[in-house]
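Trainee: Sequence:
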Amino acid sequence: MRATYRVLCGLTMLLVLVQSAAIAFGTFGILDFVSGGDDYTKSIAEDRSADAGGLGQNIHSFGAMAIALVAIILLVVSFFARIDGGVKWAGIVFLTVVLQWVFAIVAFSAPVVGILHGINAFFIFGTAMTAMQHAKAVEAEAPATAPA
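Residue numbers (the numbering used here): 1099 to 1246.
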């Protein structure tokens, strides 16, 4: 279970990287679409056409669901992994993911909150990395038991 805990932490970090790359891809797709003389309208935004950055936006949306799922699984695994402080760190990762969703939802009505959404991604990455490092440190400190 300790290895599963570490893998889930690493997967969370990887998914955050995919998220940031995907939203950049989508945004630059929109800019390319507009620079070609096209108008980016509400119907195009809702259609999520690949020509208008839709692929990056779709990857970002599915990635958000994947991160939420991994955070939930990490929290559940933390109760069985027997890592000192593991539940605490998994809980912090989970809370930063919940906060990320709150920031995203609020940002649709108050776009300035999108700044917090972007910054919080670093917190998700950082807390997942801390959780993984903590799990490795705890494992390294554990004395090896020899058969009697």
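Rather than coming from a laboratory, the hints here were simulated on the basis of the structure.
Remember, predicted model here, so these are calculated numbers, not experimental data.
In this text, a Cβ means the ideal position worked out from N, Cα and C, and glycines have one as well.
Among the hints, a few may not be true.
Claimed, not checked - Using C-beta positions, here's what the derived DEER-type ranges look like:
1) 1231 <-> 1129: 31 to 39 Å
2) 1163 <-> 1224: 29 to 37 Å
3) 1204 <-> 1129: 23 to 31 Å
4) 1211 <-> 1185: 27 to 35 Å
5) 1180 <-> 1209: 19 to 27 Å
6) 1203 <-> 1116: 19 to 27 Å
7) 1189 <-> 1149: 40 to 48 Å
Trainee: Check the structure against each numbered hint from earlier and tell me which ones fail, lowest number first.
Mentor: 2 and 5
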